Amino acid sequence: MIKHYILSLNPTAKHDWDRCILRDPLTAKRPDLAKLVAEAVGADTGSYLVSVNIEVKVLEQTTVVQTEQLSLNVSDMNEKPQLREVA
Numbered sequence: 007m008i009k010h011y012i013l014s015l016n017p018t019a020k021h022d023w024d025r026c027i028l029r030d031p032l033t034a035k036r037p038d039l040a041k042l043v044a045e046a047v048g049a050d051t052g053s054y055l056v057s058v059n060i061e062v063k064v065l066e067q068t069t070v071v072q073t074e075q076l077s078l079n080v081s082d083m084n085e086k087p088q089l090r091e092v093a
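The opening residue of the sequence shown carries number 7 in my numbering; numbering runs sequentially from there.
Hints were generated in silico from the structure; no laboratory data involved. What you are looking at is a predicted structure, and each value in this text was computed from that prediction instead of being measured. All clues stand as given, with none of them false.
Taking lysine-lysine pairs in the DSS-like style, the calculated list, with each CA pair at most 30 Å apart, reads:
1) Lys20 with Lys35
2) Lys63 with Lys41
3) Lys9 with Lys35
Here are the computed distance ranges between Cβ atoms for each label pair:
4) Thr18 with Tyr54: 35 to 45 Å
5) Tyr11 with Thr69: 14 to 24 Å
6) Thr69 with Val47: 36 to 46 Å
All C-beta atoms in this analysis are idealised placements derived from N, C-alpha and C, irrespective of residue type, glycine included.
From just these sequences and the hints, can you work out the full model?
Pasting the structure below:
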């Protein structure tokens, strides 16, 4: 069984769980890998020793463009402009 997922890596994410995210490309849900293995084994009750082979192939990579943030000094905007009279 071959499944496709989108892997998002963000080492600077605020939370640990957002640094590495695996999602279904259609539903955006995180896969339940234990459920996938259980479906492959079958519905019989019991404990199983299983071998899981994960082969990863990068099909496409996109990079996140980091935008530059400019700071805005609000105190500069609150000052009234001074007008000079031209003689």
